[in-house]
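Chains as they are written, first to last, in my numbering: chain B, 1 to 274; chain V, 1 to 658.
The set of hints was computed from the structure by calculation and includes no laboratory data.
It should be emphasised that the depicted structure is a prediction, and the values quoted were computed from it without experimental measurement.
Do not take every clue at face value.
Computed far set for chain V versus chain B, every beta-carbon distance over 10 Å [to be verified]:
hint, residue
1, R25
2, G39
3, K153
4, W161
5, A302
6, E604
Subject to a maximum C-alpha distance of 25 Å in a straight line, what follows is the list of computed DMTMM-like cross-link-like pairs (lysine to aspartate or glutamate) [claimed, not checked]:
hint, chain 1, residue 1, chain 2, residue 2
7, V, K36, B, E144
8, V, K153, B, E188
9, V, K153, B, E219
10, V, K618, V, D551
11, V, K634, B, D256
12, V, K36, V, E300
13, V, K153, B, E78
14, B, K153, V, D164
15, V, K634, B, E204
16, B, K266, B, E219
17, B, K176, V, E531
18, B, K206, V, E125
19, V, K337, V, D401
20, V, K337, V, D326
21, V, K153, B, E144
22, B, K206, V, E300
23, B, K165, V, D164
24, B, K150, B, D116
25, V, K153, B, D256
26, V, K153, B, D116
27, V, K350, V, D401
28, B, K165, V, D551
29, V, K439, V, D147
30, V, K36, B, D208
31, B, K26, B, E78
32, V, K148, B, D215
The C-beta atom is built at its ideal place from N, Cα and C for all residues, glycine as well.
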Amino acid sequence: MLDTQPEEGYVTADGRKIGGVAMEMKNITLRFGGVVAIKDISFDIRWGEVRAIIGPNGAGKSSMLNVISGFYNPQEGEIIYKGYKRPRMRPYQVARTGIARTFQNIALFEGMSVLDNIMTGRLHHMKANLFQQALWWGKASREEQENREKVEKIIDFLEIQHIRKTPVARLPYGLKKRVELARALAAEPSILLLDEPMAGMNVEEKEDMCRFILDVNDEFGTTTVLIEHDMGVVMDLSDRVVVMDYGKKIGDGTPDEVRNNEEVIKAYLGVAHE
Amino acid sequence: MTVTPEIKLSPEQSSVPALLARNARLHGMQTAYREKEFGIWQSWTWAETQAEVRAMALGFLALGMARGDYVAIIGRNRPALYWAMVAAQSVGAIPVPLYQDAVAEEMAYVLDHCGARFVVCGDQEQVDKVIEVQEKVTCIEEIMYLDKRGMRKYDHSHMNWLEDVMREGRAAETRFAKELETRLKELTLDHTCVMLYTSGTTGKPKGVVLSNRNIIVTSKNSSEFDHLKPGDEILAYLPMAWVGDFIFAIGQAYWTGFCVNCPESAQTMMTDLREIGPTYYFAPPRIFENMLTTVMIRMEDASPFKRRMFHHFMDFARDVGPKLLDGKDVGLGARLKYALGNLLVYGPLKDTLGLRRIRVAYTAGEAIGPEIFDFYRSLGINLKQLYGQTEASVFITQQPDGEVRSDTVGVPSPGVEVRIAESGEVFYRSPGTFESYYKNPESTASTKDPEGWVATGDAGFFEEGSGHLRIIDRAKDVGKMADGSMFAPKYVENKLKFFPNILESVVFGNNRDRCVAFINIDLNAVGSWAERNNIAYSSYQELAGLKPVLDTIQEHVETVNESVAQDEMLAGCQIHRFLVLHKELDADDGEMTRTRKVRRRIVEEKFADLIDALYGGKDSIYTETEVTYEDGRKGKLKATLEIRDAKVFGSAQRMAAE
């Protein structure tokens, strides 16, 4: 629709390299019984960009994210990922293809320490068997050291050293969100999905989170797809925005393009639907 | 007083880089630096440190650093930043460490004043500030930074990652080795070692020039005074721009060859302290206060049995602990009981605080509450006081082992002469006495007389008998009440601050008929109290305005009045009225210095409306105050404050009644 980006990669104004298409949604339709959550939506995600999905409540944003993460399988349409059509997969299989996510309502292991929680994000990178793990022998100890090092770099990056050993249950909300981001990053994902990373935060926490999302994208070149309510945040953060309303795509393009799109303005100003 | 004989130092003791070379030779395999990074303590031996510093110095040469250049260092305590200071000295440049939490405009003044050509920053945050400053300050030619994060997109034509500088230095070994050798050989005791900016309770910061002689002789004397040795451990966590950090983490560390440990981040300081277990430790009273408050809060939550055991043994220790520490006679029974207490309470407690291995601990900068001081002494921690200032390379007086008290600051440090002027002001002369204030001959002349005596600006006296110095107050703050009696605000403020609930207080009354006070509550202590009593609050401001809080503060004020009334000379300083401020005094708003000392005049100007209200007899006052947030934005705080009358005692009461 409004997609004016060049076919192959380009460089943004602030010097980040955006690559070709990483994932393409083709005519996705998702139904729950008679309810159509997503109606014939197509868009793409490019390597290295921050892609936002926005829309009013009930627009189908989270459903879209769940389709990408493999939690829902759409009835119609196909997903082209890394050049191949993605077959029906279980969520854990999707995770192994390099897609990590955070959740709208934090899903951490509350009784475990921050460090252990983040270590769980490395699960796919550990190959030692049960016996080796139990005795912490051979491959197991070597793997733990390697993975711990990766995790420590992320802890350093997200500035959560001071809560490394704190049980998650004792942390305030904003920090929990950050730990969740850390766990998703620990998986070294190709595509990072963030479900309302800023929900329920105060201004300061939001600013911190924005900075971290940008830093992650900048430092690791992680392709990021995020859902967000806060329009201001989205416009500042993202390279391209998909706007959804009532399960339909009503806009797609750079923040400026989207901001001036009639339909988007209507949806956000609450014009009555026929 | 006798003039101390000139101390002879060999060439290998004549500069910090020379000391580094000596340490690398003598204790090459011993640990010189540790830093916690990625969850692990990384360490460097003296030999490795020398290699790193050398690489950095060569890199600086490659960037064109000249003799006498000023090199600003901004960041938290990290080994590489300490090395940057020594590397700068190695090429004949002068390091100028700055306060990392300073806002851009404060930084601009200092950078411009010293004409820094090079700036070494800790991370992106500092680089951003320097870039902002560069709009006005044109002297900065090269920026270096230590932490690469977020720096990729910056224009690097005049910017370098410190690691790259060192790599370039190593590559340029053959090219610059000879030049570096020459520059190292040139260094003498008379060369400037470091320039430190005083935080300045009044006016603009002043650049204090300290020579190698100042630093090295002072470090030698003070290290010998406390028998510091290689193998000692310190935790470097206080601002690098503060003279104490320079003396402890560079002067004494290089002189004796002990190990400097850098925490992972400011928030992990207490955990890191515990993991390292330093043997030599310095902290301002505030930190000791906070530690004690935390202990007390946690004991309130402990089980009744543990709580009783804690209080029983602590009461006992208060009596016996200090005596044991001072080597006085203690009976066998008491010794045994203390040993049992050590097993059950003192030992575990010291372990939790990270103070188990302390041989010598110092506190200075502000008066410390006797209860707080005694608490640590009774645990068997050799906590002592010293008195010093930047201009003296820290040490003026300090307490020898066995003569430690909370109300004195000790005897003159080795090599230091102290005299009291007729006005009551304390003067000193020492090998550590600064060379001059940079580009400020008037201030140099007014502070340091031709014979080398320096005015401290503090009023004090030597105690009869013990010969210990006691400090009353800043000389310029001591004033007169309207009736002619002495007004010493600090004396009263300190008494107030000794209550855990009171974080800060400012007493006014110069040339007035009675005293009034501003009070800041301690959010930790009062917050925890509110929590235990199911009192809801959402902000500092709200908590500070609650009636029960004001009642408690009023009790504290009245207790202080009662004790002030005991003192004939100062009875007039009792507080008649007070209010609890709606914001914490903050260095970002200019109300405090970066070392957290109240700037009385600024507070007086800023809150003039509140002072008028206190003297005006109103019950409450509406006020608006501008505040600066951490990112430099400004906002307004609005509040209606309640003003309370406090009971006064003795003669002051009669006077007020008249």
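* Asked: Among all the numbered hints in the text so far, which are the ones the structure does not match?
  -> 2, 3, 11, 12, 13, 16, 21, 22, 23, 26, 28 and 29
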